[in-house]
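Can you build the whole structure from these sequences, using the hints too?
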Amino acid sequence: MINAVIFDMDGVLFDTELVFDQIWTMLAKKYGYVIQQQMLNNLRGTSGKRMANIIESYWKDADGFLIIDEFFANAKAYLSQKVPLKPGVCELIDFLWQHKMPMAVASGSFKDLVLSNLKVSGLIHYFQVISSGDEVSSGKPEPDIFLLTAKRLCQKPQNVLQHFRARTSHYPK
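Numbering (our numbering), first residue to last: 358 to 530.
These aren't lab readings, by the way, just hints derived from the structure by calculation. Just so it is clear, the structure is predicted and the values come from calculations on it, not from any experiment. Beta carbons are placed, not taken as given, at the ideal position from N, Cα and C, and that holds for glycine. Watch out, some of these pointers could steer you wrong.
Stated by the list, open to error - Taking lysine-lysine and the DSSO-like style, the derived pairs with C-alpha atoms no more than 27 Å apart in a straight line are:
(1) K406 to K387
(2) K443 to K433
(3) K387 to K439
(4) K433 to K387
(5) K386 to K439
(6) K476 to K457
(7) K433 to K386
(8) K457 to K443
(9) K443 to K468
(10) K406 to K417
(11) K468 to K508
(12) K417 to K387
What the hints assert, rightly or not - Computed Cβ-Cβ distance ranges for the label pairs, DEER-style:
(13) K387 to L442: 26 to 32 Å
(14) G479 to M358: 26 to 32 Å
(15) N398 to P441: 18 to 24 Å
Printed below as a string of structure tokens:
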């Protein structure tokens, strides 16, 4: 039986991937690197060490963690004004809210960016639990963030409906 719903943030609640791609392109240009579509695809849904490793595998002499800090600073500044919602998100969340379904966000992004996006969008009050990539040791595609969020909801993973991008759909059901 489904007792709660966990949403990913980027690419599910918010249409932020285009914004992120533009920031990565700007950083590549700033530091004299070439940005490849495969790199952008690999960076989606990641954070922390995994993200740093991807950056350093494409940009050999880069300090992945310094670039991550700059990336998130740019993302937070851009998204502090407006966060683009994915189509149908408000209707779905309102439906679940009206039916008293507990909801959570489990995002690979840093906590301050997650909270900022949820506040700017006006959605923060719908979610009982908000988990972020900086709270787990292994980021996506590992299931750690999903499992942490299910635990915080006091639910077994099999009793939680998860709404993540298809790329990370292997989380426990």
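Right, here's what the structure says about each hint:
The straight-line distance between the Cα atoms of K406 and K387 is roughly 22 Å, inside the 27 Å bound, and the hint therefore holds. Between K443 and K433 the CA atoms are separated by roughly 18 Å; this keeps the pair inside 27 Å, and the hint holds. Note on K387 and K439: the hinted pairing holds, with a Cα-Cα distance of about 24 Å set against a maximum of 27 Å. With a CA separation close to 18 Å, the supplied pair K433 and K387 stays within the 27 Å bound.
Restraint check: the Cα-Cα separation between K386 and K439 comes to about 25 Å, which is no more than 27 Å; the hinted pair holds. Of the pairs offered as hints, the one joining K476 and K457 holds, with about 21 Å between alpha carbons and a cut-off of 27 Å not exceeded. For the hint pairing K433 with K386, the CA-to-CA distance comes to about 20 Å; that is within 27 Å, so the pair holds. At roughly 22 Å between alpha-carbon atoms, K457 and K443 fall within 27 Å of each other, so this suggested pair holds.
At most 27 Å may separate the alpha-carbon atoms for a hinted pair to count; K443 and K468 meet this at roughly 20 Å. For the given pair, K406 sits about 15 Å from K417 by alpha-carbon distance, which is consistent with the 27 Å threshold. Only pairs whose Cα atoms come within 27 Å are accepted, and K468 paired with K508 is accepted, the gap being roughly 18 Å. A C-alpha spacing of about 15 Å is found between K417 and K387, which places the hinted pair at or below 27 Å, so the restraint holds.
At about 29 Å, the CB distance of K387 to L442 agrees with the hint of 26 to 32 Å. For G479 and M358, the Cβ-Cβ distance of about 30 Å falls inside the hinted range of 26 to 32 Å, so the restraint holds. Our hint of 18 to 24 Å for N398 and P441 holds, since their Cβ atoms are close to 20 Å apart.
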